[in-house]
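K.L.:
Chains as they are written, first to last, in UniProt numbering: chain A, 1 to 270; chain B, 1 to 272.
Everything labelled a hint here was simulated from the structure, so no lab data went into it. Keep in mind the model is a prediction, meaning the values are calculated, not measured. Be aware that one or more of the hints could be misleading.
Unchecked claim - Below, simulated DSS-like cross-link-like pairs (lysine-lysine); rule was C-alpha separation at most 30 Å, straight line: (1) K114/A x K160/A; (2) K267/B x K136/A; (3) K238/A x K160/A; (4) K44/B x K114/A; (5) K219/A x K114/A; (6) K114/A x K136/A; (7) K44/B x K88/A; (8) K88/A x K114/A; (9) K160/A x K219/A.
As the list claims (entries may be wrong) - Computed far set for chain A versus chain B, every beta-carbon distance over 10 Å: (10) S15; (11) E70; (12) T72; (13) R81; (14) Y82; (15) K88; (16) P104; (17) L117; (18) A170; (19) T175; (20) A256.
Glycine included, each C-beta is placed from N, C-alpha and C at the ideal position.
Now for the letters of each chain:
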Amino acid sequence: MTEIRFEHVWKEYGSSIVLENVDFTLDNHEFLVVIGPSGVGKTTLLRLLLAQERPTRGRILLDGEPIAGEPTADRGVVFQRYSVFPHKTVLANVMVGPQWAASPLLGRLFGAPKRALAERAMALLARVGLAEHAQKYPQQLSGGMQQRLAIAQALMNQPKVLLLDEPFGALDPGTRRAMHSLVRELWEEHAMTIVMVTHDLMEAFHLGTRVIAIDKARKDSQAPERFGATITSDFCAKPRIVRDSRRFETARLRAAEAASAVPSSASERD
Amino acid sequence: MRRIVNYAPSAGGRLLLGALPFAIAVIAYVIVSDARLAANPGDKIMPAFSSFVAAMQRVVFRSDPAVGQPLFWFDTWFSLARLGAGVGISALLALTLGVLVGFIPYVRSALDPMIATLSLIPPLAVLPILFIAFGLGETSKVILIVFGIAPVMVRDIVLTVMAIPREQIIKAQTLGASTWQMIIGVVLPQIMPRLIDSVRLSLGAAWLYVIAAEAITAEGGLGYRIFLVRRYLAMDVILPYVAWITILAFVLDFALRQLSQRAFPWKHLKEA
Chain A
1 MTEIRFEHVW
11 KEYGSSIVLE
21 NVDFTLDNHE
31 FLVVIGPSGV
41 GKTTLLRLLL
51 AQERPTRGRI
61 LLDGEPIAGE
71 PTADRGVVFQ
81 RYSVFPHKTV
91 LANVMVGPQW
101 AASPLLGRLF
111 GAPKRALAER
121 AMALLARVGL
131 AEHAQKYPQQ
141 LSGGMQQRLA
151 IAQALMNQPK
161 VLLLDEPFGA
171 LDPGTRRAMH
181 SLVRELWEEH
191 AMTIVMVTHD
201 LMEAFHLGTR
211 VIAIDKARKD
221 SQAPERFGAT
231 ITSDFCAKPR
241 IVRDSRRFET
251 ARLRAAEAAS
261 AVPSSASERD
Chain B
1 MRRIVNYAPS
11 AGGRLLLGAL
21 PFAIAVIAYV
31 IVSDARLAAN
41 PGDKIMPAFS
51 SFVAAMQRVV
61 FRSDPAVGQP
71 LFWFDTWFSL
81 ARLGAGVGIS
91 ALLALTLGVL
101 VGFIPYVRSA
111 LDPMIATLSL
121 IPPLAVLPIL
131 FIAFGLGETS
141 KVILIVFGIA
151 PVMVRDIVLT
161 VMAIPREQII
171 KAQTLGASTW
181 QMIIGVVLPQ
191 IMPRLIDSVR
201 LSLGAAWLYV
211 IAAEAITAEG
221 GLGYRIFLVR
231 RYLAMDVILP
241 YVAWITILAF
251 VLDFALRQLS
261 QRAFPWKHLK
271 EA
C-alpha cells in the first residue's frame, strides 16, 4: 500500500513563487500524470516528491510519514536523459541497485548471490526486451532502449513510487507508442504507483488513471513571479471502480477458460 | 574544380605528406652541416651524422668510470624516475582531491580557493624556496613537478566530476547508494579516462620541470647532461638527447592512450 499526500505545499525561490498551495492525496496503485505548460513548475513538483528539493511550506507524506530529506530507495526515478550509468554494461546497470543495498563497502556481490541477482536482472531485461543487449554499453543502445533500461534499473529496487520526468520526450512517435504499452503493462504487473510529468495531453489521458493540470491560477502582469502555479484541474481519467471491475472480469474470464480447457483436453486423451 | 577544402589525401598520401616535413628538415640539416664542415672541419655547431653515431656509441655502450655504467641509461633512469614520481604523486592527488572537491560541497568550499591560488603561482619562481627548504636532492625536484602540474590536474578532475549529469547522481541515490558507494561506483570509474588524458596533457609540463630542475643541480639526468655538455658545445650529444626525450614523451603518450582504450572501452564508443 502506498499513499502520497501533498499537504499545502509551497515552493519559493527568494521572492519568486513557483508552486502555491498544492494539496492532493494519491491512492495506492494510481497512475498520476501531471500536465501543464512549459516552465510552470511540473518538474519542480516531481523534484519535491523526489526530495531533490524541499518545500518551503507544507509537507509531503508517503504512507503517512514525511518523506526523507534526500532521494532514497523508496522513490525510483527515470529522467528524460542521463538516467543510466554510461560506464556500466546493460546488465551491470540493472544489477547496481541491489548490489549497493547488499554490500555497503564494495558495492558489489560475488559468487552465488551475484549469480542469483544476475538471473533476476536477466529476467527483468527479458521482460523489457533487452535480453540480447545485456553485454552492451548504454551508448550502443537507441534512445528507446536506454529508457527501457532506465525503467528496468529503477524497477529492480521495487520502489513504492516510480517517478517519470518526461521519460518519452526525446523519443520518436513509434518508439513512444511501444513505451506507452510497456509502461502500462509494468504498472499493472508490479501494482505500483507511478507519477509522471509530461506536456503531451494525449499521452496523459492515454496512460494516466488520474490527470492533474497545474497552472498559474492568478496572474499579475506587473510582477509575474508573485503568484505560483497550483492545481487548476484534477481529473479522474480511469475511475477505480471501472478498473477494478475490468480486472475482476478478466480474472473471471480467464478462470472460465481454464475450467473449460481442462475437461476438453482430458476428453481428447480418451 | 572543387574548393580546396573538399580535397582529402588517401591513406598513403597522408603518410607521405606527414613524412615530408621530417625529410625536408633532415635533408636541410645535412646540406647545411656539410657546407659548414667543408668550410671548417672542426665545426661543433652542426656535426655530421657520423659524429652523432660516434658520440652515442660512447655514451650508450661504454661504461662511464664516474658512475660505473653507460651515461645514457644512467641519465634516462634518473629523469624517468623523477618524472614518474612527480606525475604519479600528482595523479594520486588529482584523484583524491579532485573527487572530494568536485563531489562534496563542503570540501569544495574549503579547498577550491586554495587550489585556485596555488595553481596561479609560477612553479619555477618557488624553485629556490624548494631548494632552500628541501635541499638540492630528489625531494625538491619531485615537489617542483607536483607543484607545477598537480593544481591543474586537480582542477581538471574537479570540473570532470562536476560535469557528471546531476540526473545520474540523483538516480544513484534513488537506487540506495551511499556517498562512498557513489564515489567508487559512479564518480571514480567515470573520471579515470579523464585522469589518463590529464596525465597525457601534463607530461609536457612535467618534462619542462624535470629538465629545469636538473639544469640547476643534479647527479645525473637527461636535462643535467644536456646543460653540462653545453659548455663544450657538444651538439653531437645534445641533439640525440633531445631526440631521445621526444621519443620517450611520444612512447609514454602512446602507452597511456592505449591503456585508456583497453581499460575503458565504454569511453571510446561512438554513439549508436
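K.L.:
Evaluate each hint against the coordinates.
P.N.:
Quick rundown of the hints versus the structure:
1. About 24 Å separates the Cα atoms of K114/A and K160/A, which keeps this hinted pair within 30 Å; it holds.
2. Our distance criterion of 30 Å between C-alpha atoms is met by K267/B and K136/A, whose separation comes to about 13 Å.
3. Distance hint between K238/A and K160/A is fulfilled; the C-alpha atoms sit about 21 Å from each other, no more than 30 Å.
4. Distance hint between K44/B and K114/A is unfulfilled; the C-alpha atoms sit about 70 Å from each other, more than 30 Å.
5. For the given pair, K219/A sits about 56 Å from K114/A by alpha-carbon distance, which is inconsistent with the 30 Å threshold.
6. The suggested pairing of K114/A with K136/A holds, with an alpha-carbon distance near 19 Å, which does not exceed 30 Å.
7. Simply put, K44/B and K88/A have alpha-carbon atoms about 59 Å apart, too far for the 30 Å limit, and the pair is violated.
8. Proximity of K88/A to K114/A is assessed by CA-CA distance (about 16 Å); at most 30 Å being required, the pair is judged to hold.
9. Distance check on the hinted pair: K160/A and K219/A sit about 36 Å apart at the alpha-carbon level, beyond 30 Å; violated.
10. Chain B leaves S15/A outside its interface by the beta-carbon criterion, the shortest separation being 25 Å against a cut-off of 10 Å.
11. Not every beta carbon of chain B lies more than 10 Å from that of E70/A, the smallest distance being close to 6 Å; the non-interface claim is violated.
12. The non-interface label for T72/A is inconsistent with chain B: the shortest C-beta to C-beta separation is roughly 7 Å, within 10 Å.
13. Distance check on R81/A: its Cβ comes as close as 7 Å (rounded) to a Cβ of chain B, failing to clear the 10 Å threshold; non-interface status is violated.
14. At the 10 Å boundary, the C-beta of Y82/A falls inside the reach of chain B, the nearest C-beta of that chain being 4 Å off.
15. The Cβ of K88/A sits about 8 Å from the closest Cβ of chain B, inside the 10 Å cut-off, so the non-interface label is violated.
16. At roughly 7 Å, the least C-beta separation between P104/A and chain B is not larger than 10 Å, which violates its mark as non-interface.
17. For L117/A, the condition that its CB be more than 10 Å from all CB atoms of chain B holds, with the nearest at approximately 13 Å.
18. Every beta carbon of chain B lies more than 10 Å from that of A170/A, the smallest distance being close to 13 Å; the non-interface claim holds.
19. Consistency note on T175/A: stated as away from chain B, and its beta-carbon is indeed over 10 Å from all of that chain's, at 13 Å minimum.
20. No Cβ of chain B comes within 10 Å of the Cβ of A256/A; the nearest lies about 42 Å off, and the non-interface call holds.
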